[in-house]
Amino acid sequence: MATTLFIQRGDIAAWLADTAATHTVYAPLRDKTGVHFHRLCAQDAAAQTQALELDRQAQTPPKNVLLPACETLLEFSYAKQEDGSTSLDVQPVMPQGAVLLFGPRPCDARAFTVFDRVYDAGRGKDPYYTARRAATVVASVVCTRPEQSCFCTAVGGAPDDTEGSDILFTPVQDGFIVRPLTQAGEAVLRHPLFTEAAHREEEAADVCAAARAAVPCAPADFTAAPEPVAALFDDMEFWQSVTAKCLSCGACTYLCPTCYCFNITDESNGLEGRRLRTWDNCMSFQFTLEGSGHNPRPTKAHRYRNRIGHKFSYYPRIHDGALSCVGCGRCISSCPVTMDIRRIVHSAMQRAQCATPEQAHE
Amino acid sequence: MPQLESLKDAIAKALPELDVVIAWGRGLDALGATPLFITKPEDLDDMILGPSCVHNLATYLPGLRDRKVGIVVKGCDSRSVIELLQEGLADRDNLTVFGFACSGVVNVPRLRGAADRHPVQSMEHDSGQVRLQTDTGPVALPEAEALAAKCLTCTEPEALICDHFAGPHGTAERAAASGNPQGTLERLEAMDFESRFRFWEQEMSRCLRCYACRSACPLCVCQDHCAAQSRNPHWVTQEDTPREKLMFQAIHALHLAGRCTECGECERACPMDIPVLALKQALNREIHRLFDYRAGTDPQATPPLFHFKETEENIKERDW
Amino acid sequence: MPVLEGKELRIIGFLCNWCSYGGADTAGVGRFAQPTDLRIVRLPCTGRINPLFIVRALLNGTDGVLVSGCHPRDCHYTAGNFYARRRMEVLKALLPVLGIDPLRFEYTWVSASEGNRWQTVVREFTAQIHGLGPAPAFAQEASEQAQAVLKAVI
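Protein chains in written order, with the working numbering: chain A, 1 to 362; chain B, 1 to 320; chain C, 1 to 154.
Incorrect hints may appear among the rest.
Stated by the list, open to error - Under the rule of at most 20 angstroms between Cα atoms (straight-line distance), these lysine to any residue pairs were calculated in the SDA-like manner:
hint	chain 1	residue 1	chain 2	residue 2
1	B	K8	B	E42
2	C	K92	B	E317
3	C	K92	B	E313
To be verified - Which stretches of chain B does chain A cover? Using the computed rule of at least three CB atoms under 8 angstroms from a CB of chain A, they are:
hint	stretch
4	121 to 130
5	271 to 277
These are calculated hints, taken from the structure and not from any lab test. Note that CB positions come from ideal geometry on N, CA and C, so glycine has one too.
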């Protein structure tokens, strides 16, 4: 792999602006309500990057870049033919163009590997997702300032994790030490503002070690959660007690970097229409509402059980133990009633353990 | 804190007759509280009371309709309780309401920003200031910036409906009721129509359509069968455009017309900080002007859009 | 209609079947000339009108909306227009906050014999809408510049 590079903090904006000529560039900017990923306009890049914010977690993950909140899968139109028959013309709408996603935290990048196992594996490769994934370079920034709600280290991640990224930027006092991880990453780093910096690798390692130590200590190692969570499936008393304050609102789902459920709808106007894929939300009553009117998850307790079950039990059991949660903590900080997934999973693990007579005495 | 002790006593006495009492407990830190569901006397130890208690607990009442429920309410929350009673969505016989003199609650996202997202060890509100103690030192903000917008125009700090009141009446530290010139509605009124339209277009482009605004609302009891998600009639499409999202906000505001008590939970719950309360406030002001009516103040009152008068005193129709 | 494109604005009229639709018919029978911008949607009663019809129409790009029903106390269903009056007045307060000029929406009462009045209402309202011009369009359907500005925000 290519050597470690360095770029001055003040030069990042210029590099992004130049890259915007050939790529669609997304970067975290501080706007009036906080830090969010924005698309840089080639003309306005200089002005926009004044608001670049790399020292705080973005409030919304960059999930949109690979899995848009709403995407058109295909367009269709009907036409009456002269012989009286009706023809149907269907045109798929494929993603176009190279993308540079700059500034996600390693947790956000790791979330993309959660999607990869589902959308880019085995028989069922999703052509829209795979096209975007192949065209996107992910340049993550090591997290030196975790939030109170962060717990990446408890779910197998780390503030300097490289999974899912093409490049890793480690912040140091005068800039960033830059480590390309893939060929695609190397390609966007071919720019005069990057200088060789193999001699600074140790400095980067120190920053990463400090970052790991700074992550708040979660109450447990959640990689062991799959069995206990599965064991509590029928324990509705547990799920009802932990979800008493939940509003079933869905903010957690939409702000979660690993949530990937979707809905497909046809929207048409007369003879023309589009087939849309939009984010869906398992916290909503309608998520499992069947045509007959029956709903297998009628209460928020059932739905939340599914949320925890999916992230901490069903997904890891199918995918060799990889959890479908990266510990970014946005579900905790954006929840209007501060549902704390760490406490709930920890309680589940404790409760399941106490269910066995041998462990009740420990 | 004498108010809290008095409240705990009242709840402890009532608890044996109740299935649950809903109050507030500590969340992540001193700035963030969380709803607390008290079922056993030991749970009372987790109770807190203060400027971090932003949640309108009345939102849980429709779901707990058949149980004997106790609820702690600020003045604004009590209006939601009354509105639920007006609409027959809660039973007075199954409710035990605990009130206290509220001195206002804080705008949590703003204070999180002021504290640069450091954990907050303590928070105090007095003498026109809110003071935080964080890992990296103290932070102080004047009331006008620190309190939730609704507190700056509050006229009812004490519950309008109450079974047990903790602490002496009239002791709420009231923010100077100077109005809120930075309120969204006030800012919109200073703009021309085109600018207002672009304002909402920009705000709605940030909307995620998570419907947290709907779920947090105590009066949105039909959220599981919402008109906004109906395919027949097809009010709103799945297209992710400001037009569709603004249509949902219009549906929400109109379905709440004459019912909304401006508790502000919709705006507080929004993960993108979109000022959605403004639309409901505008309708409430008009309803007050037209029908001399405020939602959630009289349990016997009928909301104005549920009935009519043959002669409407305040409706001046245009001539052609 | 293509032949009138550029000269006509899109105005929708929600008319109750009994009084107002009858009044419009009377105007037609009497050959009272009116501008052709206004297109009628017939309903049983103004009380059936969900204020969201008007909002949906305006957000979809309609330039003006008119509601017309029986005079209060003359509603074919007794009380429908009383409810409508309250709802329409409340709706009038929502439009300006959204950034839609409230002059783009009017409600009125026209009885079945008032052909003249119907003509007056249609002429005046159409002129009012022409005075305001086309309704503001969302940027996604508008200029490229506006689109670019909007695209800079996810």
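Hint numbers the structure violates, sorted upward?
Of the numbered hints, just 4 does not hold.
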